[in-house]
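Just so you know, we're using the numbering used here here: the sequence shown kicks off at 277 and counts up by one.
Note that these hints are calculated values from the structure, not bench results. Computed from a predicted structure; not experimentally measured. Backbone N, C-alpha and C fix where the C-beta goes; we use that ideal spot for every residue, glycine too. Check each hint, because a few of them may be wrong.
Distance ranges between label pairs, derived from CB positions [unchecked claim]:
#	residue 1	residue 2	range
1	Leu459	Phe304	51 to 61 Å
2	Phe324	Leu459	25 to 35 Å
3	Lys292	His545	42 to 52 Å
4	Arg458	Val299	52 to 62 Å
5	Ala593	Asp473	55 to 65 Å
6	Met628	Gly443	52 to 62 Å
7	Val479	Leu332	23 to 33 Å
8	Phe487	Ile333	45 to 55 Å
9	Leu625	Gly372	51 to 61 Å
10	Arg284	Arg611	45 to 55 Å
11	Val446	Ser484	14 to 24 Å
12	Phe304	Leu558	19 to 29 Å
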Amino acid sequence: MLDSNSVRTLSRYFVKRYLSFFVAILFFCSLALAIIEMALGFESVQGFQELIRWTLIRLPSYYLGDLAPLSAYLATLFSLGLAARWLEWGAIQAAGIAPWRVLAPIIVSALCLAVVTATIRESLVPLVFDSQQATRRPISEQLAPIGGLHQHGRMVFEVGKAQPEMGQLVNIRAYTRTPKGRLEVAYVAPLAELQPDGSWRLVDVVISQYFPNEKGRVPIIRREPELFLALTNDPGLVFEEIDEEALPLPDLVEHISNHRDSEYSGTRHRIRALEQVVHERLADPWLVLVMTLLAMPIALRVQPGRSLAPAAITAIAVIAAFFFAQSLAELLATRNLLTPTQAVWTVPLLFMAAAAISLRGAQRPPRASR
277 MLDSNSVRTL SRYFVKRYLS FFVAILFFCS LALAIIEMAL GFESVQGFQE
327 LIRWTLIRLP SYYLGDLAPL SAYLATLFSL GLAARWLEWG AIQAAGIAPW
377 RVLAPIIVSA LCLAVVTATI RESLVPLVFD SQQATRRPIS EQLAPIGGLH
427 QHGRMVFEVG KAQPEMGQLV NIRAYTRTPK GRLEVAYVAP LAELQPDGSW
477 RLVDVVISQY FPNEKGRVPI IRREPELFLA LTNDPGLVFE EIDEEALPLP
527 DLVEHISNHR DSEYSGTRHR IRALEQVVHE RLADPWLVLV MTLLAMPIAL
577 RVQPGRSLAP AAITAIAVIA AFFFAQSLAE LLATRNLLTP TQAVWTVPLL
627 FMAAAAISLR GAQRPPRASR
């Protein structure tokens, strides 16, 4: 029976091996993604230094939530799987050391990695948000020459023809909605001139003012020689043009809270989707712990002196089942059969419970190879 100091040394050895595999796998995966991101963003970013800065910000803020759990999964498989293959795990059990004395420090390390992952990711998200804000093009530059129907924030507008090179838009119809999605103001103009600040100057515009909260009140219709629409100042515009993954979490939660009671079905659907994004952002870092637990029973079932191939096949099947279950839960959420909370958290909790049950059986001493 080993003394407590020897057991602590052994635990540190396994934690060091787990973290070494984790860092190595994360580094090489990040390097591969960085090369791809730099190749794709070479033409859209001004200057090599700006490209490097954008890549270094984008990698942890966008991909760390996926790379960290995958790295933890593979690190657990290799660190414990090799220990079982090289008879180290069998020697630990033969020495009478309780398996939890080795596994618990690894689980604690996974918890710490989850916290670090969440901290790094959410710290860099505002930088991505600010970068996208700085590079956002004016709405007029995003319109197709043939015009069409567009929605930004609480405003819906129809453009008959766009001529940004001449600084003009032809046959404009714009509609402003209330936070609950009801029509509030309608603008109709034959011509709009694009201003340097990004606003539109509507010429000879007919304005129809509605009162959705006052039943029976007649709309007020008036004509103005000109009217300026500062679409770029619409606080809801950013949520239409920028990927929600780039929004700071507090801003995203505030936006959801302000629009939760909307009467407009499109807004309600959008808010429900954003609620799921919030839960996914909260849950992704903790997948480091989930993946570590999932890999433990698989790795510990490796037979001494045998190949890791059977464990690798099992690991692929388990992680495929996990992501399939997640996709199924997301599909059920889109059909309103599950709430965003249930869709995001149910699958990880169920797989964690299954891993804990399986881990008890995997801790039995393995048979020695003949």
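Exercise. Can you give the numbers of the hints that this structure goes against, from lowest to highest?
Worked result: Violated hints (numbers, rising): 2, 7 and 9; every other hint is consistent with the structure.
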